[in-house]
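Visitor: Sequence:
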Amino acid sequence: MNALPLMIGALCVLAIGYRYYSAFLAAKVAALDDSRETPAHTLNDGQNFMPMNKWVLFGHHFAAITGAGPLIGPVLAAQFGYLPGLVWLVVGVVLAGAVHDFIIMAASVRRGGRSLAEIARSEISPLAGIVAALAILFILIIALAGLGMVVVNALRESSWGTFTVAASIPIALFVGWYMTSFRPGKVVEASAIGMSALLVCVYLGGELRETGLASFLSYDAHTLTILLAGYGFIASVLPVWLLMCPRDYLSSYLKLGTIALLVTGILVVNPELKMPALTDFIHGGGPIVPGKIFPFVFITIACGAISGFHALVGSGTTPKMISKETHVRTIGYGAMLCEGLVGVVALIATCALYEGDYFAINLTPEQCVTYGCAEVELPALSAAVETDLHGRTGGAVSLAVGMAQIFSGIPGLSHLMKYWYHFAIMFEALFILTTIDTGTRIARYVLQEFAGKRWKKFGRTDWLPANLIASGAVVVAWGYFIWTGTVRTIWPMFGIANQLLAAAALAVGTTVIIKEGRARYAWVTAAPMAFVAATTLYAGWLSITDNFLPLAETAPFRAYLNVALTVAMMAMILIIIVESARVWWRELQKSKGTSAA
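My numbering applies: residue 1 is where the sequence shown begins, and numbers increase by one.
These are calculated hints, taken from the structure and not from any lab test.
Every value quoted in this text rests on a predicted model; they were computed, and no experiment measured them.
Just to be clear, a hint being listed does not mean it is correct.
Stated by the list, open to error - Derived lysine-lysine pairs resembling DSS-like cross-links, with alpha carbons at most 30 angstroms apart:
| hint | residue 1 | residue 2 |
| --- | --- | --- |
| 1 | K54 | K590 |
| 2 | K515 | K324 |
| 3 | K28 | K54 |
| 4 | K515 | K592 |
| 5 | K186 | K54 |
| 6 | K28 | K418 |
| 7 | K274 | K418 |
| 8 | K54 | K324 |
| 9 | K292 | K274 |
| 10 | K515 | K28 |
| 11 | K28 | K457 |
| 12 | K186 | K324 |
| 13 | K590 | K515 |
| 14 | K28 | K324 |
Throw the hints in and build the complete structure from the sequences for me.
Guide: Structure, rendered in structure tokens:
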């Protein structure tokens with residue numbers, strides 16, 4: 001099977017979804033109205049609340065939501081073949097994921113930029129608000145651990161990748177200063193400088209390998225975990241305009257540009273998908289994803305189709321900077337469609353590898369012996385990118401190799417294979433880091449908001465001691481899971497947590513739609529909520545019995561911690577759905593009574 005018809009088909013479905021379905025949501029379901037002032041204007045404090053240019057904010061939001069999930073999830077799900085992941089990515093993002101993001105963002109903008117937990121408390125019940133806050137904290141920590149683990153595995157012992165990613169931080173600081181202080185409003189000018197600097201750093205990273213700096217910039221996994229936690233801490237406490245927004249905006253150019261180039265490459269090269277449509281592992285027993293195609297494909301592709309993490313960004317940083325209500329359509333629905341496209345191209349790039357090469361990259365050498373990985377091109381690929389590709393688990397490396405193959409297939413670019421590979425590694429790492437900084441900041445907001453109920457001063461986001469304490473607690477928590485976990489344990493937990501949060505957010509969104517008097521449109525969120533909740537709860541149960549409990553023999557503390565967290569998350573989301581259903585019934589009965597009168 002060649003990639004061209006699949007790529008064209010996916011692009012057509014996404015375009016139709018934005019043109020018609022998002023217009024229906026904006027006009028009928030949310031009834032967006034620019035005459036209402038947004039919290040960016042009414043609560044402008046110059047730090048967290050401030051109106052932002054539509055496209056700058058699109059860049060920040062896209063960069064914040066598009067972490068490792070749409071890159072790594074489809075790569076890991078390729079274990080089942082290319083067909084299941086492709087169908088879920090295209091259908092799921094139009095009917096579930098983009099709807100989820102749009103509705104939650106619109107609800108937050110209408111409610112003073114409140115968080116998902118606060119919306120649950122005010123629209124459903126105090127119990128739902130408390131449970132949602134706890135669930136969000138649990139889920140955020142596990143999600144950040146899952147995302148962070150990927151970047152740690154990708155940059156491990158790689159001076160080239162580490163240098164390029166590290167260099168993006170001072171470049172972003174410079175761009176932030178340039179746009180706000182030195183040349184205010186000169187967005188294009190600052191972006192051109194920042195992008196040029198990033199591309200220079202990609203080249204310099206390769207040259208530095210021949211110097212003494214290479215050993216200085218090569219770190220093991222534990223050291224990278226500490227450095228990543230330090231970055232998350234600093235990004236969480238700095239003002240959004242100084243690092244987070246310019247860095248996300250800058251990296252969004254790289255992200256969107258790379259995806260556009262990859263789509264072009266697929267259309268020009270038309271690579272053959274060497275992975276089959278369905279593999280033998282659809283019935284279970286796979287070495288990467290621990291279960292059958294149903295329900296595990298839906299939690300493995302944790303972000304490209306629908307992601308609960310987006311509800312935190314959509315009710316966290318972004319709604320505090322929305323200048324007009326109608327921007328929610330472009331930023332909320334549109335950015336999620338772009339993420340779905342990221343997932344599609346990641347899946348296609350990975351499936352251009354031979355099945356044996358794919359498994360040899362994503363399994364340890366010992367596992368390869370057990371499963372009999374039949375390598376085809378992997379030794380030649382390792383030589384071409386000047387990196388040993390064997391046993392680079394986590395998905396990031398197999399995607400980078402697939403991307404490099406496609407880029408190198410473009411006429412005139414075949415001799416740049418090693419540069420394309422390391423460019424792809426940097427591209428993936430920037431995706432993840434922009435989610436790490438935003439996710440840590442959102443977790444800090446939630447923790448301060450929750451603790452502020454008892455100690456009001458701690459709830460103030462402009463009080464530095466509270467910011468430092470809350471940020472420190474969050475990074476220590478997710479850093480622990482990266483330090484002690486593996487892709488087989490962390491990624492299923494991440495997927496379950498992420499999709500359960502999406503189900504909870506859709507329940508909140510359904511409540512908002514019904515309470516605003518548009519119950520006839522509640523199906524747009526209720527239907528995907530029912531599907532996501534059912535599949536994820538089933539996957540959670542299977543993960544406990546088949547994945548986590550068997551670990552108790554070798555690592556009892558970690559095994560039982562994983563079980564306890566998974567059970568707690570499942571219970572909390574069920575509480576939110578039940579509490580929501582009570583409100584739906586009450587509101588519908590009230591509506592019937594009013595109509596009868």
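Visitor: Of the hints stated earlier, which fail here?
Guide: 1, 6, 11
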